[in-house]
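Listed below, chain by chain, are the residues.
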Amino acid sequence: MKTNDLIIQTTTKVVFFIIFLFSIHIFFAGHYTPGGGFVGGLLMSSAIVLLLLAFDLKTVQEMLPINYTILTAIGLLISLATAAGSIFFNVPFFTHVYDYFYIPLLGETSIHTAMFFDTGVYLVVVGVTMTIIQMIGGDE
Amino acid sequence: MINLLLFPVLIPFLFAAISLFFPKKVKAQRITAITGLLLALVSAIILLVKVKTDGVQALTLGSWAPPFGITMVSDMLSVLLVTSSILISLFVVWYSFSSIGEEREKAFYYPAILFMLTGVNGAFTTGDIFNMFVFFEVLLMSSYVLIVLGGEKVQLRESIKYILVNVISSSLFVITVGYLYSVVGTLNMADISIKLADIGQTGIVTVIAVLFLIVFGIKGGIFPLFFWLPGSYAAPPVPVLALFGALLTKVGVYAIIRTYTLFFTTDVGYTHELLMIISIITIIAGCIGALAYFDLKQIIIYNIVIAVGVILFGVSTMNESGLMGSVFYLIHDILIKGALFLLIGIIIKITGTSNLRKMGGLIKHYPILGWSYLIAAFGLAGIPPLSGFVGKLLIVQGGLEGEYLWQSIFILASSLVVLLSAIRIFIYAFWGEEKGSHDISPKLYRHLMAPTVTLVAITVLYGVGSEFLVPFMTDATSVLLDPSVYTDAVFEGVK
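Residue numbers (our numbering), protein chains in the order written: chain A, 1 to 140; chain B, 1001 to 1495.
Derived from the structure by calculation, the hints contain no laboratory data. Small disclaimer: the values here were computed from a predicted structure and weren't measured. There are no misleading hints in this set.
Coverage of chain A stretches by chain B, computed from C-beta distances (three or more under 8 Å per stretch; other residues unrestricted): (1) 67-79; (2) 89-101.
Here are the in silico distance ranges between beta carbons for each label pair: (3) B:Val1470 with A:Phe88: 31 to 41 Å; (4) B:Lys1161 with A:Tyr98: 44 to 54 Å; (5) A:Phe28 with B:Gly1178: 28 to 38 Å.
Quick reminder that beta carbons are idealized off the backbone N, C-alpha and C, glycines included.
One chain only, chain A, in its complex shape (with noise of 0.2 Å):
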C-alpha cells in the first residue's frame, strides 16, 4: 500500500539541512564549548537517517552516493595522518601544534590540528553508523 507521505518528505526537506548545519557547528565548537567530532558524526549521521525514513533507501544512496566503507577508511587516514604528521618533524607521536591564520571573511582564526584529527573521527562515525543502518535496512 503506497501511503502519502507529502507532509514527511517536505519537512525533510528543511529539517536536513538544519541538522546539517547544526552538526558543522557542534563539530567546530568542540574546543571550547561541548561537542566535537563524535556528536557531530552522530547529528550528521541522524539527519541522513531521517532521510532514509522519509524516502526510501534507493533514493537516498542516489541523492548521496556515497561508499560508506571508504567514508570511514579515509576518516582512519586522516586521524592517523594528522597524529603521524609528529613523526617528521620527531616529537613524540600525536603532538598538536596550533597558529593564528588570516582566513578570508572569517578574519583571524586559530587553527589546531586536533581539528583535523576530529574531522577523521567526524567522517568514521557517519561512515559506521551509515553502514551499520544501510546493512540492516537494505536486507529486504
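Keeping the supplied structure of chain A fixed, place chain B upon it in accordance with the hints.
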C-alpha cells in the same frame, strides 16, 4: 627516531586502513597485508636491536609530561612479544593465501587480521592501564569479526558465547580500573607502581589484584575461567584458530605478568600464592582435556591451557629463574602453537575430518608433514635441543629454588601428558593402515607446507639457539624483577 617504538603498532593499522579501500580485489588485499607485515617485522627487529643496546624505550604521546599523557613503553619483554606476534601473523597470512578461500578474503579478512595485530602489539607496548583496555577492545573486536567471518552455524553459535564472555570481562576490566584509579588517582602504569609501593599492600589493593587476575584470567584462559575457550576456538577456520591460539591468550598472560610484577609486589604472600594454586589447577584441567579428546583441534586447544598454567607458575615464583623461564616459554609457546595449528590444519585438509579415529597411514604419502609434526610435538613437550626445553627447565629450577617441590613435580608430569597427547595424534594419524579419503592436490599441499615447515624450522632454531637468546631474556627478566628500571625509563628527565 623517538617514535620508533610505535611503528609495530602503526604500520599494521595504516595498511589495514588502506586495504579497506578495495575489499573485492583479492590480489591487492594479499599484497597489502604481506607488505604491511614485512615492514612491521623490519621495524620490530630494529626496535629489538635498539632496546638491546639502549635499554628500555619510553615515549609519552603528545609531548606531555609522563604521568599526564599516555606513555608507551617498550622493554625487552614487550618487544620480544611484538616481534614474535608479527612473525606469527606473517606465517598465518601466508598460509591463508591458499586455505582461507576467496569468499572470506573478499569480506575484510586481511584488514581484520591487521587490526587485530594492531591491538595485540598495542597491548604489549602500552604503559597506561586504560590504554591497555582500549587496545584489548581493538584486538577483541577484530577477533569477533574473524571468529564469525564465513557465517557457518557453529561459528554463529560460538561467536555469541565468545562475545558474551568477553563483553562481561571487559566491563569487569573497566570496573577494576575504576577501583584502582580511586585508590591511586593515576592511570600511568609506572606512576601506579610508584604510588602502590608508597601506600603498601592494603586490603583494597589485594582485592584489586585478584580482580585483575579474574579479568585477565578470562582473556588468558586460566582455571576456572577457560570454560569458553575450547568451544569458541574450535569454531573458526584453521588459520584464524592458529592466530587466536598463538596470540590472544598470550595477551592475557602478558597482562597478568605485567600487573603482578609491576603493581602488586610489596606483599606477594596472598596474591602470588593464589596465582600459583590457580596455575597448578589450570595445568591439571588442561591435561585432563588434552587426554580426553580424540579430536585434533581440541587436543591442541587444551595444550594452550596447559601452557598458560606453566607460564603463570613461573611468574608466581617471582625469582630470576622462574621469570626467565616464563619469558622463554611464552615466546616458545607463541611459535609452537602457531606451527602446530598450521600442521593439524594440513592434516584436516588432507583427511577431511578432525576425528583421530577416522584417519591413519598418512606417513606413507606425506612424510615431510609427518616428520615436521613429530619435531613440533617434541618441541611442545620440551625434548632437549628443541624449543620448549629451556623454558620449562628454568621454570622447574625456579620452582625448586623457591622450595615448591610438589608444584615442580606437577610441571614435569604435565610434560609427559603433553607428550602423550601430541604423540597420540602422530600415532593415530600417521601410523597404521591408510584410512579415509586423501583429496588434496599436490600444488595446494606444497603451498600449505611452505609456511608451515618454515615456522617449524624457526621453532627448532629458537630451541637450538637458546644460548644466543639468553642476553635478551636476561634483559626482559631484569625489568620484571626490578620495577624501578621500568619507572625510571618512563620518568627519565622529569624527576
